[in-house]
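*Asks:* Join the two chains into one complex using the hints; note that each chain is given alone, in its own frame.
Protein chains in written order, with this note's numbering: chain A, 4 to 343; chain B, 2 to 150.
To be clear, the hints were calculated from the coordinates, so they are not data collected in a lab. Mixed in with the good hints there might be a few duds.
Here are the in silico distance ranges between beta carbons for each label pair [said to hold, decoys possible]: (1) B:Gln-41 / A:Asn-315: 43 to 51 Å; (2) A:Thr-258 / B:Val-134: 50 to 58 Å; (3) A:Pro-105 / B:Phe-131: 50 to 58 Å; (4) B:Phe-131 / A:Asn-303: 54 to 62 Å; (5) A:Arg-225 / B:Gly-34: 54 to 62 Å; (6) A:Asp-199 / B:Leu-72: 46 to 54 Å; (7) A:Asn-315 / B:Thr-24: 57 to 65 Å; (8) B:Phe-51 / A:Ser-316: 22 to 30 Å; (9) A:Glu-321 / B:Met-2: 39 to 47 Å; (10) B:Leu-20 / A:Arg-225: 37 to 45 Å.
With a straight-line Cα cutoff of 20 Å, these simulated DMTMM-like cross-link-like pairs (lysine to aspartate or glutamate) come out [stated by the list, open to error]: (11) B:Lys-7 / A:Glu-51; (12) B:Lys-14 / A:Glu-147; (13) A:Lys-322 / B:Glu-127; (14) B:Lys-10 / A:Asp-195; (15) B:Lys-10 / A:Glu-335; (16) A:Lys-161 / B:Asp-80; (17) B:Lys-109 / A:Glu-335; (18) B:Lys-81 / A:Glu-147; (19) A:Lys-253 / B:Asp-5; (20) A:Lys-320 / B:Glu-127; (21) A:Lys-161 / A:Asp-200; (22) A:Lys-178 / A:Glu-335; (23) B:Lys-10 / A:Asp-200; (24) B:Lys-7 / A:Asp-200; (25) B:Lys-7 / A:Glu-252; (26) B:Lys-7 / A:Glu-323; (27) B:Lys-109 / A:Glu-147.
On the chain B side, residues computed to face chain A include the following (Cβ under 7 Å) [to be verified]: (28) Lys-10; (29) Glu-11; (30) Pro-18; (31) Asn-28; (32) Ser-103; (33) Ser-110; (34) Gly-112.
For glycine and all other residues, C-beta sits at the position ideal for the given N, C-alpha and C.
Residue strings, one per chain:
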Amino acid sequence: MSKINRQTWRFNHSIYLGATGTAVGPLEARGPLSGNFDKEFEHLDCGEKSWAKAEQSLMRRAISFCLAKAGKAEGDIDLFLAGDLMDQTVTSNFIAREHRVPFLGMFGACSTSMETLAASAQLVDSGFADNVLCAVSSHNATAERQFRYPTEYGGPTKLTQTFTVTGAGAAIVTKEPGKVRVSEATIGRVIDWGIDDASNLGTAMAPAAADTIWTHFQDTGRKPEDYDLIVTGDLSSVGAPILDELLLEKGMDITNVHQDCGTMIYTPDQPVNAGGSGCACSAVVTYGYLYNRLAEKSLNRVLVVATGALLNSSTPKEKETIPCIAHAVLLESVKEGAES
Amino acid sequence: MLNDPKNYKENVKAYQPKLPYVTNCLNAFWVGGSICLIGQVIQTFYMNIFHFSKQTAGNPTVATLILISALMTGFGIYDKIAKFAGAGTIVPVTGFANSITSSALEHKSEGIVLGIATNLFQLAGEVIVFGVVSAAVLGIVRLFIEQVF
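For reference, chain B alone in the conformation it holds in the complex (with noise of 0.2 Å):
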């Protein structure tokens, strides 16, 4: 019975599209595996070509995928590659740098300092505040448990 205004949230579920959570599943593993693979690619090059360490290499790795990232957004490339892939897509770093540079670009219309500016973080904000929070949260326990034991 759907004619039920109070339970029509419950009895409509019927209604609703089955999402295909194996098939997204898979999309987001190999779609975010081969970003990964391309992300070890680039590391490597770092080594044997430039000389870097391991530990080192990772800077300039985070940064070429950043940049290739945010040049395929404004090419308009990479939210119909993160339509199929799903979490694939905005797991990585390569996710982080979409969401800077699609809000930067969405924004440039209301200017430098108040739109571009004020708005780049709107959507990694949230990423930012609780990667920060849970960092210094799980370094205070760390420091805890290291002193008890």
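The following block holds chain A by itself, in its conformation from the complex (with noise of 0.2 Å):
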């Protein structure tokens, strides 16, 4: 593995997304990417008894629609990298538990998407592992829960607000070829500028996802022109036009390419306020929708900047302001008769 500059692998090997799986929540399936997705919920409650189990239901499935289309079994896999948005991550840690492959858990809020993936590929890369499933989820209700309020409070929404997305996405990332490779990763700086609204997380995490994009084109020596599409997490529809500002000023144009998971994944009627947020959004979107426009080769090249606020329900209370990351990994379609 390469290193270039202080933040941006490009991995040494041709590195490959083996398979992906998704599973989403019944709003999700309504919204313009149903049918990308392996899994469609009917019901947010996913036919379990809480929320929580809902969740790891969501991911269990993600893992073994992932598994069976990569034809791998468990023994295959070396490693198990995952995250949700839980406390201490156990959505991640019970699912580990059903499974006898080695674990690391991983949090980075809603970037742990780009973040789990970027270490799969960087652990397959220096050969310390030859098959890493990673996998993260999050579900609108254990989130609401935890950082908001009881499911049923009818309690006021802002308009910066996003809609924890419901769902899971698992990937295996391996040596052997497949048709999505993932080539390089711009590893984000903590980034915080002040703002404590907890409800506003698009304007909080976009200074880091403007920090990483710069930096990813600075390492590279591209240009977003480059690009057949740069998507963020979940900036929403109030955080997406800010990044694109921040980078105009420093004299970067992304308008014409970028796009923000949150909000392709509901249509403008759902009833989201900004847009879908949450582990999942970035992870469903990337190994649901982008994975099959770079299987067929309709997109090329996508640079995939996950967000994360890094925050918990207390933190604002307490009047801190809210520190934020963005990692970004390049994944590109391959190219016919390419040798690893």
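*Replies:* Below, the structure written as structure tokens:
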């Protein structure tokens, strides 16, 4: 692996997404990306007795689809990297106990999707693992319960507020040739520009996304036009224009290639305020929709920038501002006849 | 200039969506008013059918509104109306009932004692605390004024 400057990794070997698996809840299943997911649950409870079990069910399904599509068994997986939004990342821990696979729990809030993918690719590239399974999940009701209010509480919501995506995404990272390559990753720094409103995370996270994207292009020497798409994780309809403006001010125009997973996953008339958020937001869009587009080569080079707000439910009440992070992973479609 | 970490919070305000205050107020007014109207109908019902006095009809009226609100919370309807009505559904006693019922539902998985009982007043607690404290303070003020004048 080669390190470019301080933050960007360019993998020496060809690293591939062997297969991906996704599961989503009912609202996401009725969104514009419907049909790109392996399992679309009809009910928010996913047939389980509690929201916590419903979230586990999502991750379990995503993983089983992923393993089945890759034709791999549990014994073929050297490492399992996973994370979620629950306290002490219990969803991932509880899923890991069902598998006899070495486990590294990770947390980067909603950036965990690309954090686990970047780390997985690095572990495969360095030869410490042959096949790594990475997964993340989030569930609207478990997140509401932990960070906001009970599910049935009729409290007011702000227009800047996002709606946690119910879903889970899993991917197998391997050197065995596949249809989509993981070629680079840019690890983000923690940025805090003084936003303290937990219902306005898009605004809080935009500077972190801008920092990572700016660094990625500085490190690689490329321009935004070299990419078919730059997708941010969950900046929402509020944060995405702020990111565009932050970069425009520095002389970089990404407006033509920039989209946000939080606004891609829902239609404007769905009751989600500013858009989707959560680990699953970027994960299901990347491992579902984007993976399919890259595999069929209608997109060739996509930079996924997963954004995360590193707060807990108490820190905003204690008047702390919100530290944010963004990790970028470059995904490329594999050209015909390319050798690994 | 947004690329100014020290003044970002201030400068980014131009990029924030504007709240439709007038529409919100109107929706809160007519939904909240309708809840009060339903309350009035229930009170009149108790007074005419069960011969309660205007004062004694208050308690069964409130209890009926709470029951209706709790059922609507359980069936997942109340929060949908509240999303539209805002303060119109929070301020009446039905909003109080919704906060208690939703907390009970949410924590049912943790058991009756440590889940439901512990978290029942998770949201309503602040209303009770400030209600009781302000009632006591105003009571003392009133007593003082009556003694002096």
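*Asks:* Of all the hints given earlier, name the ones this structure violates by number, lowest first.
*Replies:* Numbers 6, 7, 8, 9, 11, 12, 15, 17, 29, 31 and 34, in rising order.
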